[in-house]
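K.L.:
Listed below are the residues making up each chain.
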Amino acid sequence: MKYVEEFRQKDIARKLADDIARAAQTGRDYNIMEFCGGHTHAIFRYGVQDLMPENVHFVHGPGCPVCVLPIPRIDAAIELAERHDVILCTYGDMMRVPASRKNSLIKAKAAGADIRMVYSTQDALQIARDNTDRDVVFFAIGFETTTPPTAVAIKQAAAEGLANFTVFCNHVLTPAAIQHILQSPELRELGQVSIDGFLGPSHVSSVIGSAPYDFFAEEFQKPVVIAGFEPLDVMQSALMLIRQVNDGRFEVENEYTRVVTPEGNEVAKTLMAEVFALRRSFEWRGLGEVPYSALRIADAYADWDAEKRFELTKSTGTDVKGCECPAILRGVKKPTDCKLFGTVCTPDNPQGSCMVSSEGSCAAYWSFGRFRMDRVKEAAE
Amino acid sequence: MNAMEKRFPTRINFRRGQVDMTHGSGGRAMAQLIEELFIKHFDNELLRQGNDQALFTPPAGRLVMSTDGHVVSPLFFPGGDIGSLSVHGTINDVAVSGARPLYLSAGFILEEGFPLVDLERIVASMANAARAAGVPVVTGDTKVVERGKGDGVFITTTGVGVVPDGLDISGAHARPGDAILVSGSIGDHGVAIMSSRENLAFETAIVSDSAALHGLVADMVKAVPEIHCLRDPTRGGLAATLNEIAYQSRVGMRLEEDDIPLRPEVDAACELLGLDPLYVANEGKLVAICPADKADALLKVMQAHDLGHKAAIIGEVIEDDMGFVTMQTGFGGTRIVDWLAGEQLPRIC
Numbered sequence: 001m002k003y004v005e006e007f008r009q010k011d012i013a014r015k016l017a018d019d020i021a022r023a024a025q026t027g028r029d030y031n032i033m034e035f036c037g038g039h040t041h042a043i044f045r046y047g048v049q050d051l052m053p054e055n056v057h058f059v060h061g062p063g064c065p066v067c068v069l070p071i072p073r074i075d076a077a078i079e080l081a082e083r084h085d086v087i088l089c090t091y092g093d094m095m096r097v098p099a100s101r102k103n104s105l106i107k108a109k110a111a112g113a114d115i116r117m118v119y120s121t122q123d124a125l126q127i128a129r130d131n132t133d134r135d136v137v138f139f140a141i142g143f144e145t146t147t148p149p150t151a152v153a154i155k156q157a158a159a160e161g162l163a164n165f166t167v168f169c170n171h172v173l174t175p176a177a178i179q180h181i182l183q184s185p186e187l188r189e190l191g192q193v194s195i196d197g198f199l200g201p202s203h204v205s206s207v208i209g210s211a212p213y214d215f216f217a218e219e220f221q222k223p224v225v226i227a228g229f230e231p232l233d234v235m236q237s238a239l240m241l242i243r244q245v246n247d248g249r250f251e252v253e254n255e256y257t258r259v260v261t262p263e264g265n266e267v268a269k270t271l272m273a274e275v276f277a278l279r280r281s282f283e284w285r286g287l288g289e290v291p292y293s294a295l296r297i298a299d300a301y302a303d304w305d306a307e308k309r310f311e312l313t314k315s316t317g318t319d320v321k322g323c324e325c326p327a328i329l330r331g332v333k334k335p336t337d338c339k340l341f342g343t344v345c346t347p348d349n350p351q352g353s354c355m356v357s358s359e360g361s362c363a364a365y366w367s368f369g370r371f372r373m374d375r376v377k378e379a380a381e
Numbered sequence: 001m002n003a004m005e006k007r008f009p010t011r012i013n014f015r016r017g018q019v020d021m022t023h024g025s026g027g028r029a030m031a032q033l034i035e036e037l038f039i040k041h042f043d044n045e046l047l048r049q050g051n052d053q054a055l056f057t058p059p060a061g062r063l064v065m066s067t068d069g070h071v072v073s074p075l076f077f078p079g080g081d082i083g084s085l086s087v088h089g090t091i092n093d094v095a096v097s098g099a100r101p102l103y104l105s106a107g108f109i110l111e112e113g114f115p116l117v118d119l120e121r122i123v124a125s126m127a128n129a130a131r132a133a134g135v136p137v138v139t140g141d142t143k144v145v146e147r148g149k150g151d152g153v154f155i156t157t158t159g160v161g162v163v164p165d166g167l168d169i170s171g172a173h174a175r176p177g178d179a180i181l182v183s184g185s186i187g188d189h190g191v192a193i194m195s196s197r198e199n200l201a202f203e204t205a206i207v208s209d210s211a212a213l214h215g216l217v218a219d220m221v222k223a224v225p226e227i228h229c230l231r232d233p234t235r236g237g238l239a240a241t242l243n244e245i246a247y248q249s250r251v252g253m254r255l256e257e258d259d260i261p262l263r264p265e266v267d268a269a270c271e272l273l274g275l276d277p278l279y280v281a282n283e284g285k286l287v288a289i290c291p292a293d294k295a296d297a298l299l300k301v302m303q304a305h306d307l308g309h310k311a312a313i314i315g316e317v318i319e320d321d322m323g324f325v326t327m328q329t330g331f332g333g334t335r336i337v338d339w340l341a342g343e344q345l346p347r348i349c
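Line order of the protein sequences matches chains X and Y. Numbering of the first sequence is given in the numbering used here, commencing with residue 1 and proceeding in unit increments. Numbering of the second sequence is given in the numbering used here, commencing with residue 1 and proceeding in unit increments.
Incorrect hints may appear among the rest.
[Claimed, not checked] Only pairs whose alpha carbons sit at most 20 Å apart, straight line, appear in this in silico SDA-like list of lysine to any residue:
| no. | chain 1 | residue 1 | chain 2 | residue 2 |
| --- | --- | --- | --- | --- |
| 1 | X | Lys155 | X | Asn349 |
| 2 | X | Lys155 | X | Ala268 |
| 3 | Y | Lys149 | X | Ala111 |
| 4 | Y | Lys143 | Y | Phe14 |
| 5 | X | Lys15 | Y | Arg254 |
| 6 | X | Lys15 | Y | Lys149 |
| 7 | X | Lys15 | Y | Lys40 |
| 8 | X | Lys109 | Y | Arg347 |
| 9 | Y | Lys149 | X | Lys10 |
| 10 | X | Lys109 | Y | Gln328 |
| 11 | Y | Lys40 | Y | Phe14 |
| 12 | Y | Lys143 | Y | Gly330 |
| 13 | X | Lys10 | Y | Arg254 |
| 14 | X | Lys102 | X | Ala277 |
| 15 | X | Lys321 | X | Ala277 |
| 16 | X | Lys10 | Y | Arg347 |
| 17 | X | Lys10 | Y | Thr22 |
Since the hints were made in silico from the structure, they are not lab data.
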């Protein structure tokens, strides 16, 4: 696979590992938060942690779009399918996310709701074209990466006059979330988590560019390195962060120059600005209400807004008791700090959102077995 | 010739006809379908006995029996169809005990309205697969469900076979120090199915590896009767099969990612779809576990067979009562290869 394997080569990884080992100073720790689930996945999938010195730690952030969606939004999606009898189109990742009362989309589907897994917004549009006698709702989730395709779908529906198609919009914004984490009391006052730097999002940044991070680096004096999703990208970026920390610098550096520019993708940004508007506030699982952190559908496209077309009950559903997803999403706790982890909460029977998506910290911990490797190591010692 | 002498005055129109409820009702229409479709294609002595069961004398030795339901969607895919798959799947389940498969049965659940032209294509493909494998379909059953209550056709096959003396193959027999072998590239079937799904069609030259493995198994057990485990990694892929064996045998396993055969095009398709090839289904591959000192001999026999020329030694069995399967990644790190959670690809077989 050209353009992919180049970024997974063992000999380069080995060399980078040596460079990192030399750069990381003894007598201190380096806590690097990777914001994106894509980075979390790469770290576990390729065993990147094994190549790091003992004092370099990855702290897994809230950048898994499936994990940050709060229970009331999933309850609302189920309500759309069950009470309003729509065809609900969703990405497969959402199917098993726990909702209130032990429900989930996959259970609602089994109970008779018409919920269909799609791979793209275009599939959802096609379902709407093929079922003009039914209301078809696309359950839109994700960060800035998945937002432009939703905008395209809404514009297409408008152009075609596809009146039975609407979007249940749950698109969220990365910069607002990072800022919220940096301002969280745990970080500012209690000093529980000391994040030394951020691996910045790769795909999100391809849309919004690297410029939006300038503010954090400056305001919070934390270095940011925009990193690609391949394992060599992660290692190279970790090295760049360690060097910044050593030098006392806090700049936005771009490792992922093959894709990300300072200004991002202007076409996509214009499209988003036309179709969406900022919400004053939005609830994130783990972070609570975060001001100006999500998008709603702009008034000009209100006809394609499922929240305007259908009356939805205000759900007050909360996470399962004992579930530490909120703290894990903020990087305050590790999956293994959660009492439910591996006991009642496993990928086969997820209690919290972090255990569902392959990009979730808990699922990655479980499936790629970091905690078990630790146990094996402990047993050997 | 007098029309009364013919059992069915007009022949079934396979070009234009459809399955209807009478084809499963036990009446004349069902008898005609059996005669003009199933007996015609599957034709063999035991089937021609015309009874509700096939009567045969089993050869001496231990018998094995296995059954498998097939619900694959789409019914026709690059490299096979539900018919050939239903023959290969059950033959393989019988064969990985080390057995020589003897006979198959086939149960069809047909949906009202299903085109007879497709049904005949499927039955012909099944018959070809059975003939090529030398394992006849000797008894069967047909049921029809109302439109909307099925999805075209579901096929359940059952197979019986006889295990040669001196073999003791089981998922519980892996021992620390054993070598782990796989008969060829992984993930071909699952990716071939995905590539032909309506909502996901992408251009690819990948075809399903669907094949009957009993010939390969016969060569293997003849050369190395000490084989401890054999299993075909179907749903859940290589990862699921190795985890099952590790659990059954109370051992751990250590794999080398770089040694696992994987076609570049399957690798690329998995990359694109966000799938891990370790969890993607195969229908013509097997995993073998044998004492380390027999591994090279076994590998040679496998590579000499048409269905095993890309066989490789991919890892070793280690002592570990927690049953972990770990893998040295091509990148230089280590990861755990866990059970599959949830459903990576629905209805692939």
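K.L.:
For every hint, state whether the structure bears it out.
P.N.:
Going through the hints against the structure:
no. : hint                : in the structure
1   : X:Lys155 x X:Asn349 : violated, 38 Å
2   : X:Lys155 x X:Ala268 : holds, 13 Å
3   : Y:Lys149 x X:Ala111 : holds, 16 Å
4   : Y:Lys143 x Y:Phe14  : holds, 18 Å
5   : X:Lys15 x Y:Arg254  : violated, 25 Å
6   : X:Lys15 x Y:Lys149  : violated, 59 Å
7   : X:Lys15 x Y:Lys40   : violated, 66 Å
8   : X:Lys109 x Y:Arg347 : holds, 17 Å
9   : Y:Lys149 x X:Lys10  : violated, 52 Å
10  : X:Lys109 x Y:Gln328 : violated, 39 Å
11  : Y:Lys40 x Y:Phe14   : holds, 13 Å
12  : Y:Lys143 x Y:Gly330 : violated, 50 Å
13  : X:Lys10 x Y:Arg254  : holds, 18 Å
14  : X:Lys102 x X:Ala277 : violated, 33 Å
15  : X:Lys321 x X:Ala277 : violated, 34 Å
16  : X:Lys10 x Y:Arg347  : violated, 36 Å
17  : X:Lys10 x Y:Thr22   : violated, 63 Å
Checked against the numbered hints listed earlier, the structure breaks hints 1, 5, 6, 7, 9, 10, 12, 14, 15, 16, 17; every other hint is satisfied.
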